[in-house]
Amino acid sequence: MAALDPPQAPGLSTAPTNLLSGAARLFDYWAILYKRTWKGSAISSFVTPLLYVVAMGVLLGGFIKGDPAKLDGATSYLAFVAPGMVAAQAMTTVFGEVTYPVMGMIKWNKSYFGMIASPLAVSEVILAHLGFVIFRVATTCAVFLAVMAPFGVFTSVAGVFAAFFVQLLIGAAFATPIYAFTAGLKDESAFSLVFRLGMIPLFLFSGAFFPISNLSRWMEALATVTPLWHGVDLTRMLTLGEVDWPLAAVHVAYLVTLTLAGWFWAVRRLSRRMVS
Amino acid sequence: MILARGLRKSFGDFEAVKGIDVDVRRGEAFGFLGPNGAGKSSTMRMVAAVSPVSGGELRILGMDPAVDGPSIRARVGVCPQEDTLDTELTVRDNLYVYGRYFGLPRKEVRSRVDELLEFVQLTEKSGSMVEDLSGGMKRRLTIARSLINRPDVLLLDEPTTGLDPQARHVVWDRLFRLKQQGVTLVLTTHYMDEAEQLCDRLVVMDKGVIVAEGSPLELIRAHSTREVAELRFGVGEHDAIAEKVSDLGDRVEVLPDRLLVYSEDGEEVIAKVHERGLQPAAVLVRRSTLEDVFLRLTGRTLVD
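Protein chains in written order, with the numbering used here: chain A, 3 to 278; chain B, 33 to 336.
So here's chain A without its partners, still in its complex pose (with noise of 0.2 Å):
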């Protein structure tokens, strides 16, 4: 039998100093667990794009004429929803991690119980897990952006590098509530409800695929309060190179407003949750 060395002396096995280098403890879970899924993911995040971009932007955007000062300055309609579907595929892409996966770490196979455990807090746990999630977001857009640029939709590189970094700011200002909403749940029960009421009206209707201009005017007021339709416009701006700055600065403090708000509340109701 192997001896167990002693009790060490204090010192080895420690608290972590703050919030990032607690959170930065769980790399290895998460870089484990991707190594062990990333295969399954792969082939949908490069077909997924190929996709939208053939059926909607190239086969039902051949039927479309618009004007381009209808189209936010698109030249054709393929330029005008490639950037909308980038957006909308960073926000899918959330609702899908901050669900189930968030839930079954509570609830099914309590993994986040292991974690407390360890010196690691609550806040911490999170930032790590939410940190996964934007990698995820990452990864998908990067495709996604890759996918869409033989057909000629962006106009700089800048911009295109623009768009990235702001899909990843469209993905933390969805995961944050999302996951805050997820972590106070009982059971999963709620969940078709946010998949049904939540993400496919908001995809739908928040500008990606039509300007909301063409919406009545209440659901078009309705349209500018929602985060995605934010996401979109700034997305839009970069790709086509026509930005609006004081309304880009309004869409990207709406975005760090909602993902400040969603961090805490997230903190707030996982910690009820776990710390009782």
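Misleading hints may appear alongside valid ones.
Stated by the list, open to error - Going by beta-carbon spacing under 10 Å, a handful of chain B positions derived as facing chain A:
#: 1; residue: Asp100
#: 2; residue: Ser103
#: 3; residue: Arg107
#: 4; residue: Leu117
Since the hints were made in silico from the structure, they are not lab data. Quick reminder that beta carbons are idealized off the backbone N, C-alpha and C, glycines included.
Based on these hints, arrange chain B on the given structure of chain A.
Here is chain B on its own, set in the frame of chain A:
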């Protein structure tokens, strides 16, 4: 190592722990014995610094969990009642990632993982997925995981509940080895044999309070007789017969299926029962156990 004074825990109106005093010393195996709902797990969760104290004083390794929770958790090992293993990871990866939560360098964690897999006899399963392990193997893996930070105190909440007898003995053997190596063990259990085998000292808990404290032997001496004669009669006869034999021992307990006569000499009790013309369907003489202590102190059995 652990000091509690008037420690309380409430959940809304429900008081799970109603003011307990506990001292755990370095190197001992300390037990909380009691039935389900006695407040053992609530106590353990407070000691593990994952559940805030509702009242009283608690110090773990000299630290206050309300202030130094993460530092306390860095130095205790926790084996929860319900496994919280990552079912999507391999046996080895479960230990590896957990070591990283404690801020241990990668190389150090790898060497500890090998050592611990050996210790809990899971080296050959190191590449298996957790969901393919038996209940006993999962438990051993959880114990190995709780040792990854070489804790000063190892907290075990119902370590063998739900395991078959053979798996229980393997777990006991490992815990016994840890004890021999000087690891301070704190465990909760509702099995009196587990408490007797592993604990140097224990407290008996019932309904949120401590009803007795001491070594298993001290408790048995103080609260029970040396031997117990168990008499089994027909269903429904036990109450009536209890009166007829009440003078044969220090005391008589009536259980649904048998009578327990507490005495220094069980054989003598049986002989006298027969002399009085009573015909029990089955008899058994045994030594007193912690189960008898619990029955005496609370009027109830440990496992309902």
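Evaluated hints:
no., hint, result
1, Asp100, "8 Å, holds"
2, Ser103, "5 Å, holds"
3, Arg107, "6 Å, holds"
4, Leu117, "7 Å, holds"
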